[in-house]
Structure formats: C-alpha cells, structure tokens
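To convert, count from 1 in the sequence shown and add 14; that's my numbering.
No wet-lab data here; the hints were simulated from the structure. All of these numbers come straight from a predicted model, not from anything done at the bench. Just so you know, even glycine gets a beta-carbon here, dropped at the ideal spot from N, CA and C. Heads up, some of the hints might be wrong.
Unchecked claim - Derived CB-CB ranges, DEER-like: (1) 68 - 204: 54 to 60 Å; (2) 97 - 238: 48 to 54 Å; (3) 233 - 33: 42 to 48 Å; (4) 51 - 237: 33 to 39 Å.
What the hints assert, rightly or not - In the BS3-like style, the derived pairs of lysine-lysine whose C-alpha atoms are separated by at most 30 Å in a straight line are: (5) 200 - 104; (6) 142 - 306; (7) 283 - 104; (8) 153 - 142; (9) 283 - 94; (10) 241 - 142; (11) 94 - 200; (12) 283 - 200; (13) 208 - 283; (14) 104 - 94; (15) 153 - 306.
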Amino acid sequence: MDKLNHSTVSEFVFLGISSSWTIQLGLFVFASIFYVAVVVGNSLIVLTVSYDSHLHSPMYFLLANLSLIDLCLSTVAVPKMISDLLYERKTISFQGCITQIFFIHFIGGTEMVLLISMAFDRYVAICKPLHYLTIMNPKMCILLQVSSWAIGLIHSLTQLAFVVNLPFCGPNEIDSFYCDLPRFIKLACMDTYKLEFIVTANSGFISIGSVFLLFISYIYILVSVQKHSSSGLSKALSTLSAHITVVVLFFGPCIFVYMWPFPTMPVDKFLFILDFVITPILNPSIYTFRNKEMIVAMRRLIIQLGSTRKIFK
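Work out the full structure, taking the sequences as your base and the hints as a guide.
Given below as structure tokens:
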C-alpha cells in the first residue's frame with residue numbers, strides 16, 4: 015500500500031446519481047428503508063438457520079451463506095451512498111476507493127460461485143434424491159463454501175493487481191455513487207485501453223461463465239426429470255424458479271454494465287442500485303415466502319427471542 019502514496023490524487027469525488035435535491039432526498043428515504051430491510055431480512059435468515067436444528071441441511075446452509083453474502087455486498091456500498099445523498103460534495107479517499115473495489119469484486123465473485131454451488135445442490139436433490147445426503151455431506155458443504163470464498167478472493171486480487179499501482183495525477187471525479195472499476199481506470203494518467211479490456215474480460219469471463227454453467231445445469235436437470243416423469247417437470251420448474259429468478263436479478267446488471275458499449279449512460283447507476291439495494295432483499299423474500307418450513311422456523315425463533323426478552327426483564 016506504500017506505492018499508493020506516489021499518486022498525486024488523494025481522494026475521489028462521486029458525481030452521484032442525480033444533481034436534483036428532490037431526487038436525492040427520495041433516494042435517501044428509499045435506500046434507507048431498503049437497507050434496513052436487507053439487514054433485518056438477511057440477518058434473520060442467518061440466525062434462523064444457525065439456531066433451528068430443523069434447518070441444518072445442505073440447502074439451508076447454502077441459503078444462509080447467500081444471505082450473509084448479500085448483506086455484506088449491500089453494506090460495502092449502500093451506507094456510503096446513503097450518507098453521501100445528504101451532502102453536496104461526495105468524496106472517498108484513494109485507499110477507501112481501492113478497498114471498496116476489492117470488497118465489491120471479492121463478495122460479488124463469491125456470490126457467483128455460491129449460486130453455482132446452489133445449482134449443484136438442486137441438481138443432486140432433484141436428480142439423485144436417494145443419494146442426496148451422501149453426496150451433500152457436511153464436508154462437501156464446507157468445501158463448496160470455502161471454494162466460493164477462495165475463488166471470489168482470487169478474482170478480486172487479480173482485478174486489484176491491475177489497478178493498484180496506476181498513476182493518478184489529474185481528474186478525480188467518478189460519475190457514480192461508488193468506486194466503479196471501469197470509471198476508476200479511465201482516470202489514470204496513461205493509456206488505459208488495453209487495461210480496460212483485460213479488467214472487463216476478467217469480470218465478463220467469470221460472469222458469463224457462471225451464467226453459462228448455471229443455465230446448462232438447469233437444462234440438464236429439466237431434461238433428466240422429463241425423461242423419468244413428465245409430471246415431475248412442473249415440480250422441478252417450481253423448485254428451480256426461485257433460483258433462476260435470483261440468478262437473473264444478480265447477473266443481469268453485472269453483464270449489462272460490463273458489456274454495454276455506452277458507459278456514459280446513467281442506466282448503469284440504476285442497475286447497480288438494483289444489485290446493491292433491491293436484489294439483496296428480494297433474495298430472502300423469494301426463498302422464504304415460498305418455503306413453509308423456513309417461515310415456521312422464523313416464527314419459532316421470534317417467539318423464542320420474545321420469551322428470552324421477557325425473562326431478562
């Protein structure tokens with residue numbers, strides 16, 4: 015990190031989402047409400063899965079990890095965005111910007127791989143139900159979790175290695191509400207065309223590769239189910255629908271932003287609001303509202319917490 019001091023730029027200025035105070039105030043209220051919902055909803059899922067023995071299964075283990083990742087991803091960018099909406103000048107330090115880039119790609123890459131792990135879990139549950147607990151044993155669950163975090167870390171460090179030593183000596187305005195890697199690179203005092211291509215290709219490869227693997231797995235599951243039973247196809251579709259919805263919500267904005275040929279369009283800001291604010295609360299909603307076992311477990315936990323509070327009073 016000592017090399018960062020060679021840069022003449024000590025901070026970056028976010029141009030934000032809109033220059034209109036009315037829009038900023040509306041976004042402040044909207045983002046604040048949704049962020050509280052993200053924290054409460056995802057924390058409740060993690061606590062419920064952790065404390066309820068009825069939910070100590072591979073599917074809920076992976077779901078709790080997804081909720082934890084969604085909570086972390088939202089926390090990396092949203093609190094800063096909410097506080098900045100109250101100020102005319104929105105700044106972040108050079109080190110803070112690098113840190114934000116690191117965690118966004120670390121957590122985002124981890125979630126991509128975790129979604130593949132969850133697809134594998136659904137494949138085993140649907141296509142090999144008699145061997146489900148044998149294949150998805152505790153060691154396999156831990157391996158999938160560790161692999162997700164390890165690949166996310168490698169992806170983020172690779173991205174960071176390309177940009178951490180870039181020289182910055184001029185413009186310091188980022189037309190966004192967070193440290194967006196493509197816009198960050200454009201501010202460097204050098205020709206960054208090749209570097210932009212490499213960084214975009216890196217993110218694009220893991221995003222498109224993950225989506226490809228996911229949809230191949232969905233097709234394979236549906237074809238396998240249809241061969242054995244046509245009636246089982248609708249059940250498999252119902253089981254996979256929640257997972258497919260989460261995948262589309264998460265990967266859609268990522269692929270659009272990195273593949274869209276007109277980065278100056280403001281649409282990418284609103285797409286990342288979807289990724290940071292809305293998707294993290296939709297994920298627990300999609301998985302829990304369709305799952306009676308999870309709803310019952312949450313009620314038990316809330317009742318238990320209420321009883322504990324009365325005892326201490």
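A quick look at each hint next to the structure:
As the Cβ distance of residue 68 to residue 204 is approximately 57 Å, the hint placing it in 54 to 60 Å holds. At roughly 50 Å, the beta carbons of residue 97 and residue 238 sit within the given window of 48 to 54 Å. At roughly 46 Å, the beta carbons of residue 233 and residue 33 sit within the given window of 42 to 48 Å. As the Cβ distance of residue 51 to residue 237 is approximately 38 Å, the hint placing it in 33 to 39 Å holds.
Distance hint between residue 200 and residue 104 is fulfilled; the C-alpha atoms sit about 19 Å from each other, no more than 30 Å. At roughly 23 Å between alpha-carbon atoms, residue 142 and residue 306 fall within 30 Å of each other, so this suggested pair holds. With a C-alpha separation of about 16 Å, the suggested pair residue 283 and residue 104 falls inside the 30 Å cut-off, and the hint holds. Distance check on the hinted pair: residue 153 and residue 142 sit about 18 Å apart at the alpha-carbon level, within 30 Å; holds.
The hinted pair formed by residue 283 and residue 94 meets the criterion: a straight-line CA distance of about 15 Å does not exceed 30 Å. Of the supplied pair hints, the one linking residue 241 and residue 142 holds, its CA atoms being roughly 14 Å apart against a limit of 30 Å. Only pairs whose Cα atoms come within 30 Å are accepted, and residue 94 paired with residue 200 is accepted, the gap being roughly 22 Å. Of the pairs offered as hints, the one joining residue 283 and residue 200 holds, with about 17 Å between alpha carbons and a cut-off of 30 Å not exceeded.
Restraint check: the Cα-Cα separation between residue 208 and residue 283 comes to about 24 Å, which is no more than 30 Å; the hinted pair holds. Between residue 104 and residue 94 the CA atoms are separated by roughly 9 Å; this keeps the pair inside 30 Å, and the hint holds. For a cut-off of 30 Å, the pair hint linking residue 153 to residue 306 stands: about 27 Å separates their Cα positions.
Of the numbered hints listed earlier, not one is contradicted by the structure.
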